[in-house]
Amino acid sequence: MSNLSITELSKDLRQAIEGLETQGDFDETGIVLRVGDGVVWVHGLRSAGYSEVLHIETPSGVVEAFALNLLEDEIGAVLLGDDAEVKAGQTVRRKGSVLTVPVGDALLGRVVDPLGRPMDGGPAIKSKAEGLVERDAPGVMDRKSVHEPLMTGIAAIDSMFPIGRGQRELIIGDRQVGKTALTIDTMINQARQNTGVVNVYVAIGQKLSKIARLVDRLKQEGVMDQTIIVATSSSDPASLLYLAPYAGTAMGEYFRDNGGHALMIYDDLTKHAVAYRQMSLLLRRPPGREAYPGDVFYLHSRLLERSAKLSDALGGGSLTALPIIETQAGDISAYIPTNVISITDGQIFLETDLFYQGIRPAISAGLSVSRVGGAAQTAGVKSVSGNLKLGLSQFRELASFAQFGSDLDEATKHQIDRGQRLTELLKQSQYAPMSIWQQVVSILAVTGGHFDDVSPEHIKEAQEALLSRLWHDEKKDMQELDKGAKPTETVLKHIKKAAESVSKGFKE
Amino acid sequence: MARRLSRRVVTSFVAERLQEGDKSVVKQLAAYLVTTRQIRMLALYVRDIESSLAKKGDVIADVTTAFSLSAETKKHINAFVAAETGALSVSLREHVKSEVLGGLRLHIPGKELDTTVQRQLTTLRTQLKKA
Amino acid sequence: MTFYTTVAEATSGSGDLLSALGINWQLLIIQIVAFLLLVALLGRFVYPWLMKSVDQRQKDIEDAKNASIEAQRAAQQSQKDGEALLDEARREATDIVATAKQEASDIVSTSEEKSRLVAERIAKEARDDIGRDVEAARKQLRAETLELVALATEKVVGKVHTKKPDEALIAEALKESK
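Chains as they are written, first to last, in my numbering: chain F, 1 to 508; chain D, 1 to 131; chain R, 1 to 178.
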């Protein structure tokens, strides 16, 4: 806690006044021609570069903008601050560099805006390094294939659609189906499992109340210390919404390039595309399909290509991306969703129908996919997930026959029963990510038939009882299983015995 | 109706003709602006013409000070501008404004040097305030 | 003695024992033949069935006896099994109770730990809030002070600064900017 020391303040002021530069530089200058809707048109500055930062001198200080339209007679620059202060005739100078943001460990635990300015009321970010907001993605030879798992803690994802470090996995669905909830659980799991992965959550045009609730929850779960939040609200200028994901990626790249691992969450890229469309239309760029500019694909592809697994020569760090896209009425064939689907390495599709049926997370096993697959899955989970996928796919095929009940043959009834139990098993509460051993044991209990006597309504209780029993009776084995290796015969026997014992108490 | 050309092309042409001593180009420019309804852009055209002339060695510099300049100071300023821009001829336009308090603001096409006391105080108020 | 006297008197009268005994040897032969025939018939038709019935009955009795022995044995075994199950159930019940107690104690200590962490977090947040308030106050004071300094400088320079020092200032500025 800092004290309000007048002596220190006085010293600070003296230093500021003494350090005031009395001599100026013979800088290249331009003037503001007109300003409106967050865009300023500047005359002069003929040697300004694309995306270069410009300083507009207003009576209340310098307002920054960055040049996006370099025309023959004028420059169109997008303001990074309030356009109320900017007036025609004001002097504009070049900063001489493109946009950078502070990066480094000083950002951990902080909520900042896309320019790195704190929004959590804390002190200014004192960082030694600056990262380029716009930067090239690593080349082919700088990469390694994705082979390490990124455990989300959500059994349905880790077993059927495993995500690896360095992968881009899209989370797509309608509003209020649990897209952000999935990402929050993933972040919490990184802290719970001590994976060392740094979370960077980029809120693009979200409600500030939602961001505040998120920060609160992350603090409660003890995750905030390894998280950076880049926040923009819907009342911020479109330029900040446009920059937010790039700025967040620059912050994540610091960890990637220094041998660490980071997780990027872009919530959500639909709003990002809308902000870019707004900017482009105001810059008089020609509109294309659905009024989006022609380079809207490039907008997201250059962002997501920066998420990669680096080669051992470059430190072996990784940057994993979980972009979120909001669809309208489940239409994944719309313009922006199809663009991002084609860029990413898989998608997790959340369905509204499943959500309202009580299946949460409402993951559609049929439409979701992970293109990295088993290469990024722990051996333990991999060994049990084959039967899980098979059981669920068989259940999906037969689901419509479930209503016929007694008219079906035994084999069909068994598949339907098994599928119902698996569906119940994969339901998971929010803020309760599961560790590897918990997932392995739970899946094995159902796919191994040990819970066949337990009614589907009681599967979750039986699961809890089983996990509790095993943790107390076979703690050492479970800790070993948590390391990710395939379960041994002894461990399988213990699990079987415990599962059968637990299921007796829940017999139908 | 006359075809609209970019301002840069027009002003470059006008500067060239002015340097050759053809002053009739000024009337032609005026007519062009009226025809294309760009009267409001006159100031910008003038700036661009000055900018083109500066590239060709004729620099027009605007000097703003709190007090009127002595001959020696004007000489210093001319020499400074010539050294910085490589200009063959320098013309000074003086502006006296007491609100700058002291120092000078020197503006040539595309560049500015501002060492006025007013600017320093603004910097103190705005940039250092945010530190 | 009377029988022997009767026999002696009978044989002495005719001199034939069979006649004396009143046995007609023809009839006897016929009876013997009939008897043999009867035995043969009985042996052929009655005795097998009879023996079979008797054997069957004996077998049934044997089976019943074996079954009852088996049932007795099974009953004893069931009793043993029942006792073993009861023992197992008692052991499991003890385990479950012990586990439940352990879990309850763990839950209590986890809750205590959680409460402690929550309390620490609240205290830290309060300290952070105070720190932020102090920092905001410091910034505001700094800004106000700078504004006052600038205002005062403006007033003073406006009144004090003259042409000659201004020219020196301009000359220095041009020199520094080269």
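Source of the hints: derived by calculation from the structure; they are not laboratory data.
It is possible that part of the hints are untrue.
Which residues of chain D face chain F? A partial, calculated answer using Cβ under 10 Å [what the hints assert, rightly or not]:
# : residue
1 : S6
2 : V9
3 : I39
4 : K75
5 : H76
6 : D114
7 : T122
8 : L124
Selected chain D positions facing chain R (in silico; Cβ < 7 Å) [as the list claims (entries may be wrong)]:
#  : residue
9  : V34
10 : Y45
11 : R47
12 : T64
13 : F67
14 : A82
15 : G110
16 : L113
17 : V117
A virtual CB, placed ideally from N, CA and C, is assigned to each residue, including glycine.
Check your understanding: Close enough to count: is the Cβ of D/D114 nearer than 10 Å to one in chain F?
Key -> Interface hint status for D/D114: holds (5 Å vs cutoff 10 Å).
Check your understanding: Against chain F, with CB atoms and a cut of 10 Å, does the hint on D/L124 hold up?
Key -> Holds: closest Cβ of chain F sits about 6 Å from D/L124, inside 10 Å.
Review point. When the nearest CB of chain R is found for D/A82, is that gap smaller than 7 Å?
Key: Hint violated; D/A82 Cβ to chain R Cβ min 12 Å, cut 7 Å.
Check your understanding: Can the hint on D/F67 be confirmed by a CB-to-CB distance to chain R that is less than 7 Å?
Key -> 4 Å, holds
Point to revise | chain R contact restraint for D/R47 - C-beta distance below 7 Å | key: 22 Å, violated
Check your understanding: Given D/T122 was flagged as interface, is its beta-carbon under 10 Å from a beta-carbon of chain F?
Key -> Hint holds; D/T122 Cβ to chain F Cβ min 7 Å, cut 10 Å.
**Study point:** Closest C-beta approach of D/K75 to chain F relative to 10 Å, hint status
**Key:** With a closest approach of 18 Å, the D/K75 hint is violated.
Review point. Against chain R, with CB atoms and a cut of 7 Å, does the hint on D/V117 hold up?
Key: 6 Å, holds
Review point. Given D/S6 as an interface hint, is the shortest Cβ-Cβ distance to chain F below 10 Å?
Key: For D/S6, the interface hint holds, since the closest Cβ of chain F sits about 5 Å away, which is under 10 Å.
Exercise for review: Please verify that hint: D/Y45, Cβ, nearest Cβ of chain R, below 7 Å or not.
Suggested key: 29 Å, violated
Exercise for review: Hold the hint about D/V9 up to the distance rule: shortest CB distance to chain F must be less than 10 Å.
Suggested key: With a minimum Cβ separation of about 8 Å from chain F (threshold 10 Å), the hint on D/V9 holds.
Review point. With a cut-off of 7 Å, does the beta carbon of D/G110 approach a beta carbon of chain R closely enough for the hint to hold?
Key: 16 Å, violated
Checked against the numbered hints above, the structure violates hints 3, 4, 5, 9, 10, 11, 12, 14, 15; every other hint is satisfied.
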